[in-house]
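Visitor: So the chains spell out like this:
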Amino acid sequence: MTRRGALRARPGFTLVEVVVAISVLALIGLMTFLTLSNALTTRDLLEEEDAANQAARIAMGRIRRDLQLAYLTPNTAAVNTYRTIFVGQDERGADRLWLASLSHQRRIVGAREGDQTEITYWTEDDPTRSDALVLLRREAPRVDQEPEKDGNIAPVAYGVRAFDLQYLEQQDGEWRKEWDTTGADTPNRLPRAVRVTLTLLVPDPDDGSRTTERSYVSTVLLAFAPPLRRQSLGSGGT
Amino acid sequence: MRRPRLSRARRRDDRRGVALLFVISTIMLLSVLVTDITYGARVRFLAAVHTRDEARAQWLAHTGVNVYRLVLTANRQLAKSGFGQQLAAFGINAGDALWQMIPFINTGLLRMIAGSGGSVDDEDLQAAAQDGAVPEEIVEKSREGTGTRFGNRNFLDFDGDFSASVRGEDCRINVNTLSGRAPETLPRDTPTGQQIYGLLSGEDNEAFLRDRGLERWDLVDNLADWVDADNTGVGGRGGYEDDRYNALPSPYVSKNARFDTHAEIRLVDGWQDEVFDRFADQLTIYGSGKVNINCADDAVIKGLLKAYATRALTDTELDRIVGDFRAAMLLSTFPNGNAFVGWVRANANLEPRPEMAQAVSTATQVFTITSTGQVGDATATITAVVDYGGSNEGKVIYWRVD
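Quick note, the sequences are listed as chains A and B, same order. Residue numbers for the first sequence follow this note's numbering, so the first one is 68 and each next one is one higher. Residue numbers for the second sequence follow this note's numbering, so the first one is 292 and each next one is one higher.
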């Protein structure tokens, strides 16, 4: 057979075959791309959602632990000694709280630290975004005569829209917006419980490019607080 | 040179290779993606499981504390009961015996005691219905296995375990009593100061402290300086008691008030890690200040004997006395402090100072319960101090979760 005859005998594709093949390929490719794209978007959204929930869980866990172990020294008659306070200020979604707690954990061998600590929670402008706050926590290595000073400051949560605290008065079962153990209203007495509401900016589940607000709420019973009065339970107190 | 001709079938195979490549690439891509998503999902799942297990472990630890509070309440009721009073007439201190008979509790032990598994059977449900304690509707649901309060599940049928132990705080030397002394009285002249000094004594302890450049009376004085109201150092050192804290890289001052927690002892000069770990178990900040000799450990008993002996005691002599003391305790506990002093006088070849009877007791009112819950890899330990003294029916005076 001549060279020309051999070329002619080699089977090829018709135009229709090529068009159909390319169409099928494009269709499969498009479906694969869409599936992958959706899966990746969903994965990213889930991861962001999970990261936000995890951050909130850690922040709330820390706040819960500090509050649960809040304490006031019984040595109130002693002078020139350590001071313990529990002061909560209402700042309309940017509340502040000073407390003494038994939640301190020693991390350095030989450190002159026990289980007592002074803690402050407050918010400041979030340096990473203009529309949110950062929740900060101060922890002193020891309780001393100045409950508002010293200690290490660390961020607890970013993207905070609101940090709100309410305090359960055991005498009447009412929730208060402020508490002050140094004042005449609730002198040297802890609230029975604290309701913590932390509102964070999280990815919008319907549109990953936007954010939405989500509130995490927890009610913490204080271990060393006096119990609720029986009559306050009867009048609708929790 | 002519290229070898390919057969028609071979050429068709070559063309199939393109599709195969495409399919394999797609499968690879999908596999990577599925693996990534599965991995992420598994990490999230495990994190959620761990959080759930942590909560379960904490509540199991809570259960351990509550079981012991039940035992301690029964202990108190036994002491008050007529039976307890009768036993007391025979020199048996029932009010301080029950909790010592159950030094630890765990789920393995409870399951063994429960035998049948502790399940709620028809008889229990009938009894509950007859007592009127549970509404008939709930009993009926429980019988069907759908009840909310009594299911047909074994009450010990849960994931995880807890183990708890108890110790009496009155079995230890109360360092807070150093705060009550008169300003002109030195710690070494107080019963508590002498007991702590006795606790720190002995050849081993003295060598341990000497190696660290620590003096026994300095350690006692530092505790006294921490809790007393003034700012002047006690003992022969005098001076300003805050000087030794102000000179630290992270300075602080002496508290000038009683200890709030046991771990606060770590802040006192000289009482850091090694010294604290060696001696702090024998010290407490709770209780009446009198040592319950029926539950005090050997080191505390030795401290007591050294503090109130009218002559010096060697380590060998102390070991012998404590050995005899333990043998006597096998037969019966001491009904009161005078009985203990009498025993020392009769058996230890020792004339203790008369104040010893006032420094010891045979009752425990404050207890520390340590309970650990474990579910999977998650553990939680609760340390609770409960007060059964006076009108305090188990008031929680310390609580910590780790």
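These aren't lab readings, by the way, just hints derived from the structure by calculation. The reader is advised that the hints may include incorrect statements.
[Unchecked claim] Calculated from the model, a selection of chain A residues having no Cβ within reach of chain B, i.e. all distances over 10 Å: (1) Leu107; (2) Val176; (3) Asp271.
[Unchecked claim] Selected chain B positions facing chain A (Cβ under 10 Å, derived; list incomplete): (4) Asp327; (5) Leu447; (6) Phe449; (7) Gly451; (8) Ser456; (9) His553; (10) Leu641.
We treat Cβ as the ideally placed atom computed from N, Cα and C, and that holds for glycine.
Visitor: Could you run down the list of hints and mark each one as holding or not?
Guide: Each hint tested on the structure:
1. Residue-level check failed: Leu107 of chain A sits 7 Å from the nearest beta carbon of chain B, not beyond 10 Å.
2. Non-interface status of Val176 of chain A relative to chain B is broken: a Cβ of that chain comes within 10 Å, the nearest being about 6 Å off.
3. Once the 10 Å rule is applied to beta carbons, Asp271 of chain A is consistent with being away from chain B; the minimum gap is 19 Å.
4. Taken as an interface hint, Asp327 of chain B checks out: its beta carbon lies about 7 Å from the nearest beta carbon of chain A, inside 10 Å.
5. The restraint placing Leu447 of chain B at the interface with chain A is violated, with a minimum CB-CB distance near 27 Å, outside the 10 Å limit.
6. The interface hint given for Phe449 of chain B is broken, as the beta carbon of that residue sits about 23 Å from the closest beta carbon of chain A, more than 10 Å.
7. The restraint placing Gly451 of chain B at the interface with chain A is violated, with a minimum CB-CB distance near 20 Å, outside the 10 Å limit.
8. Of the supplied interface hints, the one on Ser456 of chain B is violated, with its beta-carbon coming no nearer than about 19 Å to a beta-carbon of chain A, more than 10 Å.
9. Because the smallest distance between the Cβ of His553 of chain B and any Cβ of chain A comes to about 8 Å, under 10 Å, the interface hint for this residue holds.
10. With a cut of 10 Å, the hint placing Leu641 of chain B at the interface with chain A is violated, because the nearest CB-to-CB distance is about 38 Å.
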